[in-house]
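Undergrad: Listed here are the chains, written in short residue letters.
There are 2 protein chains.
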Amino acid sequence: MSELTVGQFELVYNAFSFTIATMGAATLFFWFGRSQVADAYKTAMTITGLVTAIALYHYVRIFDSWDAAFSVVDGQIKATGVAFNDAYRYVDWLLTVPLLLIELILVMRLSSAETWSKGVRLGALAAIMVVLGYPGEIATDPGTRWLWWALAMVPFAWIVYELFVGLSKSLAAQPDNVRGLVNTARWLTVLSWSFYPVVFVFPMIGLTGGTAATAVQVGYTVADVVSKAVFGVVIFMIALRKSQSEMDVRGDAKAATA
Amino acid sequence: MSELTVGQFELVYNAFSFTIATMGAATLFFWFGRSQVADAYKTAMTITGLVTAIALYHYVRIFDSWDAAFSVVDGQIKATGVAFNDAYRYVDWLLTVPLLLIELILVMRLSSAETWSKGVRLGALAAIMVVLGYPGEIATDPGTRWLWWALAMVPFAWIVYELFVGLSKSLAAQPDNVRGLVNTARWLTVLSWSFYPVVFVFPMIGLTGGTAATAVQVGYTVADVVSKAVFGVVIFMIALRKSQSEMDVRGDAKAATA
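Protein sequence lines correspond, in order, to chains V and X. Residue 41 in this note's numbering sits at position 56 of the first sequence; the count goes up by one each step and never skips. Residue 218 in this note's numbering sits at position 233 of the second sequence; the count goes up by one each step and never skips.
So that you can see chain V by itself, here it is in the shape it has in the complex (with noise of 0.2 Å):
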């Protein structure tokens, strides 16, 4: 990454420091509503905010390293020597791509039998598609990058198919006010999600040296801010409606009990 230009450094930095405010900002908004949503929402909204919190803690880390490995004195850009840490970015989605598949499926309130063996099987797809990301991303020869990519690939397909297909009963359950925003929630995650494989075959597409370091982080960068904090308002949004229409019905049943 010695090639970097003091444009491309500074517009990494700022992306980090633009996703540290987004993260804080998000976690504080789904833990403020965590109190607008009926007790049913309440563990989705939970634990929405911790994927942001999680992801907080990273880029502070992250933030942090990228600041240590380069400095700008007078205008020129000079590599430290200290290494800029890529598995911050791994060790975050160990936790939060889980998280981020269970908060959805909390949100749609299936049963509790459902809700546990849909938990169990796309949190540890996601899981097992992130580690298998990793060998991949720290290697250096395109080979070896195709080839861990496409192993990650597959339980990313698995997880597709899983939302479209498995939760389709599911979604056809749903309340109406709310069923077109869970299909914006899992068409947002799977989308959002096919930007990490996208960006990370950036390096092995022709990209080089400091353009291919800038394009990786900013790419990931974005994609963090759209899968965890953009997901996450249309998770509050669900819980929201939800909680509201069921309180109505309530209210109902009430008035017509009286």
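I should point out that these hints are in silico values taken from the structure, not numbers from a laboratory. Worth double-checking, as some hints may not be accurate.
Same chains, same names: a pair is fine if it fits in one copy or spans any two.
[Claimed, not checked] Straight-line C-alpha distance at most 25 Å; calculated SDA-like pairs for lysine to any residue:
| id | residue 1 | residue 2 |
| --- | --- | --- |
| 1 | 63 | 3 |
| 2 | 103 | 17 |
| 3 | 154 | 130 |
| 4 | 103 | 75 |
| 5 | 103 | 46 |
| 6 | 103 | 13 |
| 7 | 103 | 185 |
| 8 | 27 | 225 |
| 9 | 103 | 7 |
| 10 | 27 | 10 |
| 11 | 103 | 136 |
| 12 | 103 | 10 |
| 13 | 63 | 148 |
| 14 | 63 | -11 |
All of these numbers come straight from a predicted model, not from anything done at the bench.
Using the hints, position chain X against chain V.
TA: Leaving out everything else, chain X in the frame of chain V:
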């Protein structure tokens, strides 16, 4: 910025510290206030506090960056060679400016469909405005600065139009006891936001060196305090008054039934 005097350095330094205190205090005020308003306004109060919390984070970074860029030794000011990072402001605005408009829309309590459509449209316009301003801010050539200034003024003019024409029907539908305050919030938005394009042109109308840098930093800081903290107090007053009158209505309905 090497021509900065010690007095100018200290004025900016103290203005940043003032803003850290103000944003921190405002954040806590808004989040404490959240428990005093009706459920319908809780999200508005959460976001009002998030805007000042995000600004707090960025002013801590800006303060540290300013402090790292200069040193005052034996009454003499010296640039350290570390660049002052101007981008923090734009990163802040990219997040907070759309949220400020969403605060105003949420506290007006429009229909869900209108809240969503106006929130998306005004939020997107605000983000585009900030993005268009940045290339001008980092340019040194006046022609380039004017070009981006003019481009950013297009979404700004559109936002003003939406606030005064698009929201006038919704304003008329506000309860009597808050209509004046909502109008104040609308005017406060337009007037405090007008400050930013004025500060932006300081270096293009004859201000140079340390004087320009000081005027820009102090100008943006004053505008941020007014548009985020003072504006937030108005939002809180609207939310509080509406909560009280809506509770009165419910109380009256109950009394009428009994």
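Undergrad: Taking each numbered hint in turn, which are not upheld by the structure, reported in ascending numerical order?
TA: Violated: hints 3, 5, 7, 13.
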